[in-house]
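Chemist: Chains as they are written, first to last, in the working numbering: chain A, 1 to 766; chain B, 1 to 252; chain C, 1 to 170.
Hint data in this document are derived by calculation from the structure and do not stem from the laboratory. Ideal Cβ positions, reconstructed from N, Cα and C, are used throughout, including at glycine. Keep in mind that a hint or two might mislead.
Pair ranges (Cβ atoms, derived) [stated by the list, open to error]:
1) B:V125 x A:G72: 35 to 41 Å
2) B:W143 x A:E534: 54 to 60 Å
3) A:N119 x B:E236: 56 to 62 Å
List of simulated lysine-lysine pairs, DSS-like, C-alpha gap at most 27 Å [to be verified]:
4) B:K150 x A:K737
5) A:K68 x B:K147
6) B:K150 x A:K33
A few chain C positions that, by computed beta-carbon distances, are all more than 10 Å from chain A [to be verified]:
7) L9
8) V70
9) A92
10) T103
11) C126
12) A134
13) Q152
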Amino acid sequence: MKRRDFLKYIGVGGAGVVLGGVFGKISRPPGAKLIPYLIPPEDIIPGVGAWYSSLCTQCPAGCGTVVKVMDGRAKKVEGNPLHPVNKGKLCARGQAGLQALYNPDRIKAPMKRKGTRGNGKPGEFEEISWERALKILSANIKDLSDKGEAEGVYLRTNTVRGHLDKLFGGFMESLGSPNYSQYELYDYRSLRFANKAAFAIDAIPHYDIANASMVLSFGADFNSTWISPVNYGYAYGEMRQGSGVRGRLVHVEPRMSLTGANADEWVPIRPGTEGIFALSIAYAILDAGLYSGKDVAKWKTALAGFSPSATARTTDVAAARTLKLAKEFAAAERPLAIGGEVVAGYDNGVSSLLAVNILNYLGGGTGAKGGIIPNPDELFFADGTQEMDFERGIAGFVKDAASSKVKVLMLHNTNPLFTTSPKLGLELALKKVPFICAMTSFMDETSAMADLILPLHTSFEEWGDDFTNPAVGAPVATLMQPVVSPVFNTRGAGDIFVALASAIGGKVAEDHHWMSYAEYLRAAWNDLYDKNAEISRGTLTFDGFWNKLLQEGGWWKKAVNPSGVKALSTTPKKVGKGLFAKPAKFAGKMSDYPLYLMLYPQAGHLDGRGANLPWLQELPDPITTVVWGSWVEINPVTAKQLGFKEGDKVRIESPYGSIKAFVFPYAGIRPDTVALPIGQGHKLYGRYAKGRGVNPIEIIPAVADKDSGAMALNCTRVKVEHSGGSGRLVKIEPTAKEHGKPTQHGRPIVQTITSREYKRLKKETT
Amino acid sequence: MSGVIDKIKERLKDFRRPGYYKEFDHHYAIVIDVDRCNGCEACVVSCYAENNLPVVGEQGCEDNRVFNWLRIERYIEGEYPDVKVKFIPVMCQQCDAAPCEIGCPVYATYHNQDGLNVQVYNRCVGTFTCATYCPYDVRRFNWFSYKWDKPLDEQLNPDVTVREMGVMEKCTFCIQRIRGVNDKAKDGKRKVKDGEIQTACAQSCPTGAITFGDLMDPESKVSKLAASKRGYKLFENLETKPSVIYLKRVMD
Amino acid sequence: MILKKLVILAAVFFVAFVIGYGIDAALRTDLDPVQPIKFSHKIHAGTNEIPCQFCHIYAERSRVSGVPNVQRCMGCHKIIKTESPEIKKLTAYWDKREPIPWTKVHNLPDYVYFPHKRHIRAGRKCADCHGDIASMDRVRRVSSLQMGWCLQCHKKYDVKNGQACWTCHI
Numbered sequence: 001m002k003r004r005d006f007l008k009y010i011g012v013g014g015a016g017v018v019l020g021g022v023f024g025k026i027s028r029p030p031g032a033k034l035i036p037y038l039i040p041p042e043d044i045i046p047g048v049g050a051w052y053s054s055l056c057t058q059c060p061a062g063c064g065t066v067v068k069v070m071d072g073r074a075k076k077v078e079g080n081p082l083h084p085v086n087k088g089k090l091c092a093r094g095q096a097g098l099q100a101l102y103n104p105d106r107i108k109a110p111m112k113r114k115g116t117r118g119n120g121k122p123g124e125f126e127e128i129s130w131e132r133a134l135k136i137l138s139a140n141i142k143d144l145s146d147k148g149e150a151e152g153v154y155l156r157t158n159t160v161r162g163h164l165d166k167l168f169g170g171f172m173e174s175l176g177s178p179n180y181s182q183y184e185l186y187d188y189r190s191l192r193f194a195n196k197a198a199f200a201i202d203a204i205p206h207y208d209i210a211n212a213s214m215v216l217s218f219g220a221d222f223n224s225t226w227i228s229p230v231n232y233g234y235a236y237g238e239m240r241q242g243s244g245v246r247g248r249l250v251h252v253e254p255r256m257s258l259t260g261a262n263a264d265e266w267v268p269i270r271p272g273t274e275g276i277f278a279l280s281i282a283y284a285i286l287d288a289g290l291y292s293g294k295d296v297a298k299w300k301t302a303l304a305g306f307s308p309s310a311t312a313r314t315t316d317v318a319a320a321r322t323l324k325l326a327k328e329f330a331a332a333e334r335p336l337a338i339g340g341e342v343v344a345g346y347d348n349g350v351s352s353l354l355a356v357n358i359l360n361y362l363g364g365g366t367g368a369k370g371g372i373i374p375n376p377d378e379l380f381f382a383d384g385t386q387e388m389d390f391e392r393g394i395a396g397f398v399k400d401a402a403s404s405k406v407k408v409l410m411l412h413n414t415n416p417l418f419t420t421s422p423k424l425g426l427e428l429a430l431k432k433v434p435f436i437c438a439m440t441s442f443m444d445e446t447s448a449m450a451d452l453i454l455p456l457h458t459s460f461e462e463w464g465d466d467f468t469n470p471a472v473g474a475p476v477a478t479l480m481q482p483v484v485s486p487v488f489n490t491r492g493a494g495d496i497f498v499a500l501a502s503a504i505g506g507k508v509a510e511d512h513h514w515m516s517y518a519e520y521l522r523a524a525w526n527d528l529y530d531k532n533a534e535i536s537r538g539t540l541t542f543d544g545f546w547n548k549l550l551q552e553g554g555w556w557k558k559a560v561n562p563s564g565v566k567a568l569s570t571t572p573k574k575v576g577k578g579l580f581a582k583p584a585k586f587a588g589k590m591s592d593y594p595l596y597l598m599l600y601p602q603a604g605h606l607d608g609r610g611a612n613l614p615w616l617q618e619l620p621d622p623i624t625t626v627v628w629g630s631w632v633e634i635n636p637v638t639a640k641q642l643g644f645k646e647g648d649k650v651r652i653e654s655p656y657g658s659i660k661a662f663v664f665p666y667a668g669i670r671p672d673t674v675a676l677p678i679g680q681g682h683k684l685y686g687r688y689a690k691g692r693g694v695n696p697i698e699i700i701p702a703v704a705d706k707d708s709g710a711m712a713l714n715c716t717r718v719k720v721e722h723s724g725g726s727g728r729l730v731k732i733e734p735t736a737k738e739h740g741k742p743t744q745h746g747r748p749i750v751q752t753i754t755s756r757e758y759k760r761l762k763k764e765t766t
Numbered sequence: 001m002s003g004v005i006d007k008i009k010e011r012l013k014d015f016r017r018p019g020y021y022k023e024f025d026h027h028y029a030i031v032i033d034v035d036r037c038n039g040c041e042a043c044v045v046s047c048y049a050e051n052n053l054p055v056v057g058e059q060g061c062e063d064n065r066v067f068n069w070l071r072i073e074r075y076i077e078g079e080y081p082d083v084k085v086k087f088i089p090v091m092c093q094q095c096d097a098a099p100c101e102i103g104c105p106v107y108a109t110y111h112n113q114d115g116l117n118v119q120v121y122n123r124c125v126g127t128f129t130c131a132t133y134c135p136y137d138v139r140r141f142n143w144f145s146y147k148w149d150k151p152l153d154e155q156l157n158p159d160v161t162v163r164e165m166g167v168m169e170k171c172t173f174c175i176q177r178i179r180g181v182n183d184k185a186k187d188g189k190r191k192v193k194d195g196e197i198q199t200a201c202a203q204s205c206p207t208g209a210i211t212f213g214d215l216m217d218p219e220s221k222v223s224k225l226a227a228s229k230r231g232y233k234l235f236e237n238l239e240t241k242p243s244v245i246y247l248k249r250v251m252d
Numbered sequence: 001m002i003l004k005k006l007v008i009l010a011a012v013f014f015v016a017f018v019i020g021y022g023i024d025a026a027l028r029t030d031l032d033p034v035q036p037i038k039f040s041h042k043i044h045a046g047t048n049e050i051p052c053q054f055c056h057i058y059a060e061r062s063r064v065s066g067v068p069n070v071q072r073c074m075g076c077h078k079i080i081k082t083e084s085p086e087i088k089k090l091t092a093y094w095d096k097r098e099p100i101p102w103t104k105v106h107n108l109p110d111y112v113y114f115p116h117k118r119h120i121r122a123g124r125k126c127a128d129c130h131g132d133i134a135s136m137d138r139v140r141r142v143s144s145l146q147m148g149w150c151l152q153c154h155k156k157y158d159v160k161n162g163q164a165c166w167t168c169h170i
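All chains should be built: construct the whole structure from the sequences, respecting the hints.
Modeler: Have a look at this one:
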């Protein structure tokens, strides 16, 4: 061997040994660390989960929750089994609330804008301290109030109830500004208006679906998103297979929504004529002599024009079917008609919902059991703070902002830029506001317009409470307590306002003299406890009561002998004269835009607020099974006529704009209608939501119901044509198959029995 | 000759005996009332949260790599206007005569004394045999070691293993909850009460369609529901003897 | 010719690599890692006869036995032996409001479920698995923590479901 080779071998060998050693070192992980607590928190046992009761804020329904906390982290949310609204159950959105808490896209510290408005890129904002942020905001407000222009301060929030609502209201009142209002895309404003008109109830009552023997739903998707889906979901289960007779569900809607899919009968009505249909059922009930009130003659005159045969052409429902439904409704032991958001989404929303209420009255659907139970709320609002404001809708705000009345705008957890039509001009109006402060947890479209961003706690990190509305026929208050320590440098809205009050000084500080929101909350509950014998019953001291409150998650009363709504506050004459003689109006000429456009909230995303949670993005839509994107539902017949097949990218064009989405041929929609889900199409809102799908609100006109002022979503016609373009429709289809077919030995996967057979079986077993 | 055949038959019978045990401690089962189910999918997200299921993203969904241990199948039947849409939640059926158990070459999936079909992650080598044998298509494969965007990982349930690349997984009937309740009962020196153990899906289901319990306890709620005349099992003809019992939907 | 030489070189490299890896493995000290503070179990549990669960307070209640929190250490060492250099290290951590970053001696993989609680309540002594800690200055792992080692005990005591996979692996 040559010396040179020898050296080579030595060299290579040496390098090998060293590299082998190094590889060994890095390939095995270093010893794991064992980090003890510095000071152990009270009643935490590492490795053992503890459950804390709290409140879900993923939608305004107000369900009580229990959160499993282990080693200081929230692991799981369940429904609070004691809570009367959700009875231990929780929906998909509520479960996913954990991903809002631990979302990587949460705003991690207060920020001040240095770039252009509306551009939510990270570089546009700089992080500042809380002290500085609060100073900037309080200086802006103080400046105005010193000049005596406090009414230039506006506060717009999403739905908040309970003491946060009282604090917001009190703060603005002390400041001298009347401009505090709440905004929600689905605020059920029209429904409340209709209830006020029909029954003089200024609120949403409790619909006792559980005990109804026949539910006639006019576009109320209560199984999916409408008002309080968990409560109604529970009720739906009880209605079907509870202790009583199996209830029947009939759903009236141009598109078969989730509730329609669960219904025994689906009535695909022409969009915008639901109110007329409800009245023609009422007419048929009168005509068949199934209503025996004193005012029967008056009603007959009032509804004279609504005979089933006369309205059949308008509503596209055969007269015979209307008659059959009317008989069924009136004959049912406990019938109940409910009018939902689809009906409220036309420009005749209030009148149509009023028509449904009239039908309830004439058909006997207003009883206490299986009917409509008003929610008494005087318990928490003895001071009369809760008032409905029909005046201050979002349109009114836009008018104020456009005329430079808005000087300082505070936004709390609300994203109206995403949920209002661009035709409303909100973006332009916001640009005119000199100073905007957004309190939010996520950088969304509206927050990007802000000059100052105050990051908020999520419901897992904050104190709070809720006077559930609608409750369950008896008052319900839910307490929210922090279950984990804040993940980021955020604060609760209540604490921000308490700090703000003391920084502004003067009357505001005098009226709001607490050290923290937690202190305010406790003091306010102490006040309720002292004043109200009903609340304090059963406990000796307030401390004992408070502990019970924390333990059980809130305070609620059992409904004792609830009564339905009997009296009708409107008169037949009034009804007949005017409100709903006409079908809804739609923008766009029939010849240019042949298809009706229906918008509905996607089950996982509601009004778009759930789109930033990966679990909800990956949750298939119940009907289409589409994930991570948008689609347009078209009847297969129409799709064939237009030459579309599933997954084609098409342009949906209204007189107000156009968007692109993928075709999903769906037999459960009228051939003259297309439907698009709301929820996707965010320009911002974190990595999971951004740039995904389309927001159909972009192509609707800014039309409001003329009575309630609520935004009408379903009031334009569209045309659909091939567009081409990138992307694809991703679905998660059923996969249980035998020989490649979704059948088992020739029988379907989901087996059914007829109702007749079911009755026979039931008779046999009892 | 016939004696040998009889012997083989006898042996096969023994082999077909669920779980190869002489006796079971429990027979955990789920009854799903399809007439109650409204397809809202609360159970699906509940399952994601409880069992550390990773989110695979749009591309992952398209590639059929989605980790839904529990899924709501929906069937659209008929033509406008006589359309019927049906929903059915499908998870691992915990078959008594499970095809997957017969298939696995490394015994990574086996039957335990509670009548459950258990998947042992650290034994699994990812041959995919079980998924191929399963007629319900409920087994999910880890094509990658999935990561959670920080701090989403703080939500991970410490009672459940985070699976790594190359491992098959499926619904466990929330075995960690079963173990947890058993543990508590043992501390109190008492028996587990009916209804005390709840799977994540059963707990969250708003309509109360899902009921979990022990079929060996004749007084339990599942036993009573399972006796319903509406009951049927998925792919009963394949003789897999599933532990999930469906109650037929009433539909005209 | 060159090819042959390259092959020989590669073989030499490979053998050397394996040797290097082996040397590293042999020299590893994960049985008794050096800790940030020279805490002596011999003094605490041995000489002073402090019971294990005085400090590892969760052993009977949780799956983890719990490493004592810094406050608990300081409870005694505010007074006792405050001048010792190791106690000064402890005081420094306490003053900085920092927990002590101990290195784990007994580290189980993620896919193993091991509850201390069940073992203690079944009457097992700490020393059964951890060895005679009371005689160790620096804690040394005496058990292999391999599955076979677990099972021999589960067999010996005829633990119910003690040999079923799902008992420890989920």
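Chemist: Decide, hint by hint, whether the structure agrees.
Modeler: Here's how the hints hold up against the structure:
The hinted window of 35 to 41 Å between V125 of chain B and G72 of chain A holds, with their beta carbons roughly 37 Å apart. At roughly 59 Å, the beta-carbon separation of W143 of chain B and E534 of chain A lies within the given 54 to 60 Å, and the hint holds. For the pair N119 of chain A and E236 of chain B, the supplied restraint of 56 to 62 Å holds, since their beta-carbon distance comes to about 60 Å. A hinted pair counts as satisfied when its Cα atoms are at most 27 Å apart, and K150 of chain B with K737 of chain A does not qualify at roughly 38 Å.
Simply put, K68 of chain A and K147 of chain B have alpha-carbon atoms about 23 Å apart, close enough for the 27 Å limit, and the pair holds. Restraint check: the Cα-Cα separation between K150 of chain B and K33 of chain A comes to about 20 Å, which is no more than 27 Å; the hinted pair holds. Consistency note on L9 of chain C: stated as away from chain A, yet its beta-carbon is not over 10 Å from all of that chain's, at 5 Å minimum. A beta-carbon of chain A comes within 10 Å of the beta-carbon of V70 of chain C; the shortest separation is about 5 Å.
Interface exclusion of A92 of chain C from chain A stands, the closest Cβ pair being 13 Å apart, more than 10 Å. Consistency note on T103 of chain C: stated as away from chain A, yet its beta-carbon is not over 10 Å from all of that chain's, at 4 Å minimum. Non-interface call for C126 of chain C relative to chain A: holds, since the shortest CB-CB distance, roughly 16 Å, exceeds 10 Å. At roughly 20 Å, the least C-beta separation between A134 of chain C and chain A is larger than 10 Å, which holds for a residue marked as non-interface.
With a closest Cβ-Cβ approach of about 25 Å to chain A, Q152 of chain C is found to remain outside the 10 Å limit, as its non-interface label requires.
Checked against the numbered hints given earlier, this structure breaks hints 4, 7, 8 and 10; the rest are met.
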